[in-house]
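Enquirer: These are the residues of each chain, in order.
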Amino acid sequence: MSAVVDERTSVGRLGDSITRPDGTAKVQGSFAFSSDLSAENSLWGATLRSPHPYARIVSIDVTPAYRISGVEIIVTAADVPGKATYGLITQDQPVFASEFVRHVGEPVAAVAADHPETCRRALGAIVVTYEVLEPLTDPERAIDGSHPPIHPDGNVIRHQRIVAGDVDATGEVVVEGEYEIGMQDQAFLGLEAALALPDPGGAGVELHVATQWLHEDRKQIAACLGLAEDKVRLALGGVGGAFGAREDISLQVHACLLALRTGRPVRIQYSREESFLGHVHRHPARIWMRHHATADGHIVKIEARMVFDGGAYASTSSAVLINGITHTQGPYKCANAVVDGYAVRTNNLPCGAMRGFGVVQACFAHEGQMDKLAVACGLDPIEIRLLNAIETGDRLITGQVIENVAPVARCIRDTAALALPDEPVGGHDGDPMRLPGGAGRTADARHIRRGIGFAVAMKNLMYSEGFDDYSTARCRLANGVVTLKFATSEVGQGFVTIAGQIARSVLGVDDVVLDPIDTGVGSAGSTSASRQTWMSGGAVNAACQKVLGLLFAHVAATNGVEAWSLRIDGSDVVDASGAFRLSVVEATSAISFDETVEYRHKPTEDLDENGQGDCHTAFAFVAHRAVVDVDPELGLVKVIQVATAQDVGRALNPLSVLGQIEGGIAQGLGLAVMEEIIMTDGRIRNPSFTDYLLPTFLDMPNVVATLIEEPDPIAPLGAKGVGEPPTISSTPAIVAAIRDAIGKPLDRVPVRPSDIIGLV
Amino acid sequence: MPVLVPTTLDEAVSAMAADPDAMVLAGGTDTMVEVNAGHRRPSCVVVVNRVSEMRSWTYDPVAATVRIGAAVTYAELLEPPLATLLPALAEASRTVGSPQIRHAGTLGGNLGTCSPAGDGLPVLSALDAVVPLASTAGERSMSVHDFMVGVKRTAREPGELITAVTVPVLSGWQGYAKVGVRNAMVIALATACVAVDTASASVRLAIGSVGPTILRCAQAEAFAASAVDFAASSASADAVRRFAELAAAASHPIDDHRASAAYRRHAIGVLASRLLRRAFPNE
Ligand SMILES: Cc1cc2nc3c(=O)[nH]c(=O)nc-3n(C[C@H](O)[C@H](O)[C@H](O)COP(=O)(O)OP(=O)(O)OC[C@H]3O[C@@H](n4cnc5c(N)ncnc54)[C@H](O)[C@@H]3O)c2cc1C
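Residue numbers (the working numbering), protein chains in the order written: chain A, 1 to 760; chain B, 1 to 283.
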C-alpha cells in the first residue's frame, strides 16, 4: 500500500493519514530529546560500572575521587535511602551493587561533578577491590544446578510447563529441530538521558526522562528513594526510540539520588557503549521443537523445550518466557502439546523487553518447523500454513479460546497474492549496489541465487496473566477546543496523532491540544505490548464519549431537543430529523466539560501448573514473504523485497501503521542477518555501532504491504495493536528465503556469512 | 588546548614543528572517534583540511602519475576525471562509510590511521603509490609499502605531515572489492584490489583486513602474469582457481568477533578469483 498523506494535521480524523506533530523537528534536528535538557546550575552525573561478569566486592574507596576539584558527591549502595533493589516484576536488581557484581557494566557507584570530564576522572579514581568469581554463562548450567546460585533468588527465574490434550498422540510425520536466537539490542538512537530537579529542602524530586512508563518508573524510584510516590514527579523527556529497552530502570534512581544529595539539578547521559551495558536486551534463546502431523499435513502434537537466558537480573524474563511458550504453536491449530520452558539467571547482560517479547524467539522456531513439515508432507510452504491456519473460536494449547477476529488465512493468501519483484538479480540497470555485498562490489549477477521464504505469526496484545492493565485519560472540552491529558509515553509509535484523531472524530472538533505528558494524571500503563492504541486510545475514546454525553445533555436542555436523537456530523451537533444543527464551537462557548476515565481490558488469568488458563487479552496476526538474493560463496545477502499482509483491525492512521510495518521489518531483518550482541565469558565484544550492525538503507528491502481491516469488536476502536507483529515473522521469512536460495538448513539467527557457506 | 587551522603548507609544517606530537586532524572521522572514546587526549590539534596544497590534486601525463593532496576527500575521489584515471580508488572510496563520512574523510587520514581495514590502502599498495612527507627539515618520499609498518603503525616521524599521495596511472583494468556483513558502511572482513598493467604485462594483487597491514601477493601476481593472455583478455578457469588459491595462501588473518580467520581466508580466494575474471572476462 501507499498512504496518501493529509498534511492538515489539525483536521485529521480516524482513518486519515496524518503526519506527526514532531516529525519535521526530528528530521531537522530541532526536536529536544531528553539528552538536550538542561537546567541552570546543574551538575553532571556518571556511573561507575563493574568490569567483571561476576565478582565479590571486597571494598570501595571513594576518598581519592573526592580529592578531585569539581566533584560534589559520590554515592554507593550505602547511600540508597529506601529499597536497595528494583525491578518490574520482582525487585532483585540493586540500585548499586553492594556485595556482588553479577554482570559486566553493573552500576557500583555514581558521581556528580561540575563537568563530564571531571566525572570521568572521578570514576577513574574510585578504588574498588574485587574478588573475581567464576561466572555462570551457560544457561543449561543454571538449569542443571551445577553452578552455585549467583543470586539469593536462585538461578532459575521461572520454569513453566504446558501440557495440553493427549500427550501420547503421535503423527505419521514427525519433524524436529533445534533453533538458536542471538541477543539483539533495541539500539534506539536517543541514548539514555535524564535531568533530575530536586525540590527545595530535598522534600521531593522532579525527573525528566525518556521512558516507556512514567508511573511504573515513579513507583520504583520512590521506593528506592524512600519517598512517598507523590513526592516524585516525572515528565517525559523527548524519546528517541524505545523498543522495550526503556521499560526497566536504568539511570532514574541514580539521577534523583545525586540531585537530592547535592540539592542541585543533575543530568546524566549514557554513551553508546554504556547504553549497551545499561539496558536490557532481547533474550537469547535455544528452542527445541518436534512437530507431529498427519500425512496430509495437519498438526497433531507439538513438543518443545525453550530456554531463555535472562542474564543477571529478572526484569520481565518470567513474562517473556510465558509469551514464548504460549506461542509455541504459532497461528496454527494444535490440540496436543507438551512444552517445557525455562527463564534462567546467568552472569550475561540482563535481558527483558524487546519488541516481540518472547514471541520472536518462538516464531523463529515454529516457522522453521512449518517449513520442515511442508517438505516432509510434500506441500509448499503456503499450503501447509493455510491447512493449519487458526480461526476465531479455536482453542489454544493453553485452553484459551481465541475471541478476536483472526484472519490468518487471509493474511497468508493476501501476502502470497502481492506481486513478486519484477527486477532480475542485480536490477534492470546493472547497478552493483543492488547485489549482495552492495557497495563492496563483491559479486556479479551470475554468482547470485534468489530465494523466497514465507512466515506467519500470532502475537498477544496487552498485558497477560492477571495483570491489572489500565490506561487513564482526561478530556476537557470548552469553546470548541478539546484538551487531552494522559501519561502515555510517546516513544515514536504515534499516539500523539491517534489521540487527537479520536477526539476530533468523537467530538466533532478541529482543535485538539495535547497537555504535557507527565505524572499529573493517572497511569497510562506501558508503551509496550502493542497496547497503547487499544488501551490509551480506549481511555481517550471513553473520556471523549463521556464528554459527548454531557455535551448532548447540555444541548438538549438548552435547545429543547431530545439528547438521544443527537449525533455529531462533521463539526456540528445534529438531531435525527435533520432540523436541528448547532456547531460544537457554539454549543460549548460558555461552558466546559471535563472527564477523566480509566480504561481496562477484560481480566486475564494466571497459568496453572499445566500451563492452562486464559492468560492473554487479545491476538493479532501477520504474514511475511521475503525475497532474498544470496551469494552462496561469500555468504552475503541482500533482501530484495518483503511483502506482508497484517491484521490491523482498523487502520486509525494508515501512514502511521505503514511506519510501524517498515520499521518493524527493518528490525526483523536486523535480527535475521546482522544484529547480535556477541558475548564471550560474560563480556560484550561489540558495544558500538561499528560492530553492532544495524541495517542501512542499502540493506532495507522494498516493502509491499496490505492492511487487513476487519474491525475487532473486542477492541475499543476496532483497532488492534500493530507495533510488534512486523518484527516477528519477518525474521523467519528472510531466513526461509536464504535456505531456499542455498538449499541448506539454517537454524540460528542472525545468519552469519560462515553459516551460509558452511564454514565452522 | 590550542587548535591551529593553517591554510598553507608552510604554516602547517611550522605548526607541527612547534609541537611535533600535535594531533593532525583532517576529516576527523578517525580522530574524533578516538577522542570521544577517551583513547586520545591531544595537547594540540593541527587541522589540515584547509591547507590549499593538500586540498587539490594534479595529473602529470608525462610521468603518468596523479598527485592527490592528503586532504582530498573520498567524495572528490569519486568524481571524474579522478575516478576515470584511478577507477579502483573510486570503487574503494565508494565503499567507505556513509555519504557524510565520504565528504569528510580523506585519503591522507586513511594513510595516517593505517588500519589493515583501511579501504584506500589496498589500492595504493597495488598501484605502488608513493607518500611524500613534509616537515621543517624538508620533504622526503617513500613507497607506500615502506610507509605502512603494522597495525595502525606508520613510518611517519613526529612533526611530519603527509602532504599527498603520488599514484601511477596504469594502462589496464583495475578494481576493488570489499566483504562486509552489511551492504554499506561496514568494516571490511576482507578486501582485494587487482590492477593490471598491460604495458609491463603484470597483474597486481593487494589484500586487506587479513594481516597486520596491507599485503601484496607476489606469488599470485607472478603466476597470473604467466597464465593470462593480456591481448585476448582471457584467463582459463584453472588459472583463475590457482590465482585464488595463491591469494588465499598469502593472507594471514586472525579470528576475532567480526569473523573467523577461516572465513577471511576463504573470502580472499573468492574475491581474487572474481576480480581476476573481471579483469580477464574471456575464458
Ligand atoms: C562511521 C564511520 C565509518 C567509516 N567507514 C570506513 C570505511 O568504510 N573504510 C575505511 O577505510 N575507513 C572508514 N572509516 C574510518 C575513516 O573514515 C577513514 O580512515 C578516513 O580515511 C580517515 O580520514 P580523516 O580525514 O577523517 O582522518 P582523521 O580522523 O582526521 O585522521 C586520521 C589519522 O590520520 C592522521 N592524519 C590525518 N591527516 C594527516 C596528514 N595530512 N598528515 C599526517 N597525519 C595525518 C591523524 O592524525 C589521525 O591519526 C569510518 C569512520 C567512521 C566514523
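Hints may contain errors.
[Claimed, not checked] Some chain A residues close to chain B (C-beta under 10 Å, calculated; not the full set): (1) Gly-438; (2) Met-674; (3) Lys-744; (4) Leu-746; (5) Arg-748.
Derived by calculation from the structure, the hints in this document are not laboratory data. As the structure is a prediction and not an experimental result, all values here were calculated from the model. For glycine and all other residues, C-beta sits at the position ideal for the given N, C-alpha and C.
Enquirer: Each hint: holds or not?
Expert: Hint check results:
no. : hint    : verdict
1   : Gly-438 : holds, 3 Å
2   : Met-674 : holds, 5 Å
3   : Lys-744 : violated, 16 Å
4   : Leu-746 : violated, 15 Å
5   : Arg-748 : violated, 15 Å
The structure fails hints 3, 4, 5 (numbered hints given earlier, in ascending order).
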